[in-house]
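Given the coordinates of chain H, assemble chain P onto it according to the supplied hints.
Protein chains: 2
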Amino acid sequence: MKILRANIETGEIQYSEVPEHWRRTGGRGLVARFLLDEVPPLCDPLGPHNKLIWTPGLLVGHMLSSVDRISVGGKSPLTGGAKEANAGGTTGLLMAWLELHALIIEGGAPADGRWRVLYVGQDGARFEPADDLAGLGLSETARKLIARYHDKIGVSAIGPGGEMLYRSAGITHLDKDRNLTRISARGGLGAVMGSKRLKAIVFDRPPSNRPPVADPELFQAASRRYIQVLQEHPQTSEVYTFYGTAAMVNLCNTLGGLPTRNFSAGSFEGAERISGDAIHDLNSTRGGDISHACMPGCIIRCSNVYVGPDGEPIVSPLEYETIGLMGSNLGIDDPDVIARLNAVANELGVDTIEIGAALGVAAEAGLMEFGDGERALELIDEVRRGTPLGRIIGNGAVITGKVLGVSRVPAVKGQAISAYDPRAIKGTGVTYATSPQGADHTSGLTIRAKVDHTDPEGQVELSRGAQYRMAGYDTLGACIFGGFGMDKTLVRDLINGRYGWGVDENYLTDLGRETILLEREFNRRAGFTSADDRLPEWMTQEKLPPVNTAFDVPAEELDAIFEE
Amino acid sequence: MKILRANIETGEIQYSEVPEHWRRTGGRGLVARFLLDEVPPLCDPLGPHNKLIWTPGLLVGHMLSSVDRISVGGKSPLTGGAKEANAGGTTGLLMAWLELHALIIEGGAPADGRWRVLYVGQDGARFEPADDLAGLGLSETARKLIARYHDKIGVSAIGPGGEMLYRSAGITHLDKDRNLTRISARGGLGAVMGSKRLKAIVFDRPPSNRPPVADPELFQAASRRYIQVLQEHPQTSEVYTFYGTAAMVNLCNTLGGLPTRNFSAGSFEGAERISGDAIHDLNSTRGGDISHACMPGCIIRCSNVYVGPDGEPIVSPLEYETIGLMGSNLGIDDPDVIARLNAVANELGVDTIEIGAALGVAAEAGLMEFGDGERALELIDEVRRGTPLGRIIGNGAVITGKVLGVSRVPAVKGQAISAYDPRAIKGTGVTYATSPQGADHTSGLTIRAKVDHTDPEGQVELSRGAQYRMAGYDTLGACIFGGFGMDKTLVRDLINGRYGWGVDENYLTDLGRETILLEREFNRRAGFTSADDRLPEWMTQEKLPPVNTAFDVPAEELDAIFEE
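If you read the protein sequences in the order shown, they are chains H and P. By this note's numbering, the letter at position 265 of the first sequence is numbered 799, and the numbering carries on one by one without gaps. By this note's numbering, the letter at position 492 of the second sequence is numbered 1026, and the numbering carries on one by one without gaps.
None of these hints come from the bench; they were simulated from the model. The structure displayed is predicted, hence computed values, not measured ones. Any given hint might turn out to be false.
Derived DEER-like restraints, expressed as beta-carbon distance ranges [what the hints assert, rightly or not]:
#: 1; chain 1: H; residue 1: N1082; chain 2: P; residue 2: C577; range: 54 to 62 angstroms
#: 2; chain 1: H; residue 1: A1065; chain 2: P; residue 2: I547; range: 32 to 40 angstroms
#: 3; chain 1: H; residue 1: S1064; chain 2: P; residue 2: E772; range: 51 to 59 angstroms
#: 4; chain 1: H; residue 1: A1065; chain 2: P; residue 2: I761; range: 45 to 53 angstroms
#: 5; chain 1: P; residue 1: G992; chain 2: H; residue 2: E912; range: 52 to 60 angstroms
#: 6; chain 1: H; residue 1: R982; chain 2: P; residue 2: D906; range: 32 to 40 angstroms
#: 7; chain 1: H; residue 1: N1082; chain 2: P; residue 2: E903; range: 50 to 58 angstroms
#: 8; chain 1: P; residue 1: P553; chain 2: H; residue 2: R982; range: 46 to 54 angstroms
Not the full set, but computed from the structure, chain H residues with beta-carbon under 8 angstroms of chain P [claimed, not checked]:
#: 9; residue: L576
#: 10; residue: C577
#: 11; residue: L785
#: 12; residue: A827
#: 13; residue: A1060
#: 14; residue: E1071
A virtual CB, placed ideally from N, CA and C, is assigned to each residue, including glycine.
In isolation and in its complexed conformation, chain H is listed as follows (with noise of 0.2 angstroms):
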């Protein structure tokens, strides 16, 4: 394995060997140590200090369902500190079958001001340009990339919202079916592609290669264990399966914390027909594929391909954050609206999360009715396009916010809360306020805990463990849904069956653990103190119906949860 270095500025290319300290870990975790031995903690993040890795988890390349994701990373411009943003597609498995363990790019934007392509193949990559590209949506970005090279490459790249420096820009991945869908989509850090000018990494697709393994016999047996628990636990076998996360309307409505009219209830009158029952359903009626894989060998296959009423795909995935920010937050309660909205955050390349919460805060500003669905296709055009307006949400709620006068923001460290309200589900609202990653429910939701969500005792505890297992996860490369599939045990063996390092069954929390302290220095190092890891100020006084609470986890416990 090797590290590849990319400056953009010199157009120097460098091959390494990976270092020894950086050895043991990949995704998140290598992101944070990457973070504190190379990036400057209070450089420009769209200056040329900053700098972005690509790199796979450590159980990468052996197409094991759920577990071939990339992890970005670089510091972030929504929050101004450590950002790592994984996806599925294929970016991870090429970058493990092409035997690197990161892929670095350095530098600011060429003096030219062109925008380019690296090219990263079997001998060697190169700086290619792309000033044909400039401009171009994502959909459009891949045929031609795929035109220019051929169908088998893996490609990272940004769309428009990117190429404008929105803080809401993530860096998007090829599918297993040359879909460019599948985001990193929090914390801007399509944003910091684009001040490179960088538009696009293509990765060639060698012959299968999979990373060797240490113990054949323990892997084997591991990750059979492992996709017999995916096959019979009735989340990964039907749920996400048939209804995707589209499911988790029903239940996060149920519980009083699907975010509606920004933020402003937690329960919406129109769930029912934006619930994953009604979206699985409409979409089978028209002929639309609700089991879709994003990465080889994946049985979960969440993700669905939306169509439209004449069966013509809208787009793909249509998920329960997109529906739950763009949706209920916004009072919608049409699915092809979302879809239409998703559609277009999906070629601007954009995350539906920070996008929608702009919205709900446009609308808090009066700048649209809740639930005017053209209305709101009509700002997102404005976010296409450009505009002033268009600029003010494309880059985030905080921004919005300040610019248009709405103090009821819903972020934390500069970055939108997802589709949990916080008040109803309190464990993730501690992971929203003190994730390093800033409001994120994939750092750490406890929404399937046996608890009461909306008692603040406990809380803390749950999302903690839930923080380290995450961090642990993105860590190897697992999706969230993998984690169904995965105990400590089985982590265990997959590693020492992969590696041969002999831990123990505490690894997986440690790993993620030590990620989690990593993320936190370099956030220290960058400016942030405990007084960044609140919620906004209106959540911990205004109370959410139907379920009448505020958020009011102590902040002493917020304080404390790192610190065992």
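For chain P alone, kept in the frame of chain H given last:
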């Protein structure tokens, strides 16, 4: 002396004794104590838990030249930290005559959403309706208030900028000639006032009621000595009197520190046309007032009334900071255009430094050509009209940079740098970096020191002294120019004369140091760290022509500035 508290949310008015530990301070020093005592450091600056305080300095009330300033304070929506913004005019004097040590506005916007005026009379205070003033510029606001009350009132008011919650909005005070032009400009306190729906405070004018003096002989002698020094110092008896602050244009241009085209150069080819000489001559020829006092008793009279070719006033005053930020910083060398930009800003009640810097950033983003005055006037008209683009610019340089994707933003702690480029005047750069107030020349200007201003050595010490003195003057109620007439023994005598406290000659700097440490403590609780005590990264790397140096005072020195 009393404390007057007025809760705009409940309408409650309360007079109380001055707390013991508030008695020996006023102005900026009292703002700092008030913030620590009463404002939750993590509160939303535009939410109901922020408060605003009006407090005259310790020596206010005697019509001593340049020493009747009013300090307004609160948590800044621009910086997120401690903010004190002082101004001339008559508010300070009238508060002293009304025997008010401080006026504190509490609570959030009234439930009816209507605008209020607070009337402070000799026999009490009351909120009155002010919906008829909503949306009015400051001239019209002044006219209506004078018509409604009488022509001897004092007024502190916000313009449409504060109503629209612009983070560039200040609070403007009536001057001695009933012009609403003396602005507590920096840090967005006007937006705080707007968030509470308080359009104006009207102060009745009691018969002359100078505060009691403990040792009249000492006080009178010191006062006479002070006036004599001012009268004899060429800077305060000639330069500022005839040329106003515009006299700085030539000095700063010569030192290579005149902000030019978004701080990309420090000397401006059009400097001669916008110099103090040129403006003085032009304005004299046209019949403008070249020596105008903002407060009764001021003998320096540094202000002016700038008139157009037709002899009609365009703006008053036309100040150096405005000429720097709205002139050379935009590549504009036409004083009439600068005056017209200034006039729009004054009517809106926004900080010309912040707006000028934001326009520079907008120009860098391609929204105007540097030097195109008509386009600049169009852009500021967007600010006036509250269009999306106008709201972006109205929220200041940092927001403008974020939304428009510009990294070259001249700001510290979210607040725009004033008209001394910190790479050419490095002591002032140290002040920008380390002042708890954010970038602000009035927190410690070093330009008059006889040193090599481009040499990084010794600048921290220079800034420290200037910051202590300025925080001291701001606590006394003394104008920055009053400092020409005040040394440490004079301050000692004035204070001992007025109060009989028996302070020594270290009093001024002790007072300043204490004030700064209190502000830093508030900022610390609000989440500030040494990461906030930095100039923008690009200013440490991009050399400034013609001095050809970047800002290179070491970070460790910045961090140690107040540790003595």
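- Query: Should the hint that R982(H) and D906(P) are 32 to 40 angstroms apart at their CB atoms be regarded as holding?
  - Reply: 59 angstroms, violated
- Message: Next item in the hint list is L576(H). Is there a CB on chain P closer than 8 angstroms to its CB?
- Response: Hint on L576(H): holds, closest Cβ of chain P at ~6 angstroms, below 8 angstroms.
- Interface hint for L785(H), Cβ within 8 angstroms of any Cβ on chain P: 31 angstroms, violated
- Query: Would you say the C-beta atoms of N1082(H) and C577(P) sit inside 54 to 62 angstroms of each other?
  - Reply: Once the Cβ atoms are compared, 23 angstroms apart, the range 54 to 62 angstroms for C577(P) and N1082(H) is violated.
- Message: Can you tell me whether the CB distance of A1065(H) to I547(P) sits inside 32 to 40 angstroms?
- Response: This hint holds: roughly 33 angstroms between Cβ atoms.
- Message: Quick check: does the Cβ-Cβ distance between N1082(H) and E903(P) fall within 50 to 58 angstroms?
- Response: 56 angstroms, holds
- Query: Under the criterion of a CB-CB separation shorter than 8 angstroms, is C577(H) in contact with chain P as hinted?
  - Reply: 6 angstroms, holds
- Task: Could you tell me whether the CB distance from G992(P) to E912(H) stays inside 52 to 60 angstroms?
- Result: Given range 52 to 60 angstroms: holds, Cβ gap about 58 angstroms.
- Query: Under the criterion of a CB-CB separation shorter than 8 angstroms, is E1071(H) in contact with chain P as hinted?
  - Reply: The hint holds - E1071(H) has a Cβ within 8 angstroms of chain P, the shortest such distance being about 5 angstroms.
- Does the Cβ distance between S1064(H) and E772(P) fall inside 51 to 59 angstroms? The hint (51 to 59 angstroms, Cβ to Cβ) holds, given that S1064(H) and E772(P) are roughly 53 angstroms apart.
- P553(P) versus R982(H) beta-carbon gap, inside 46 to 54 angstroms or not: 52 angstroms, holds
- Go through the hint on A827(H) and say holds or violated, using the shortest Cβ distance to chain P against 8 angstroms. Since chain P brings no Cβ nearer than about 36 angstroms to A827(H), farther than 8 angstroms, the hint is violated.
Checked against the numbered hints given earlier, this structure breaks hints 1, 6, 11, 12; the rest are met.
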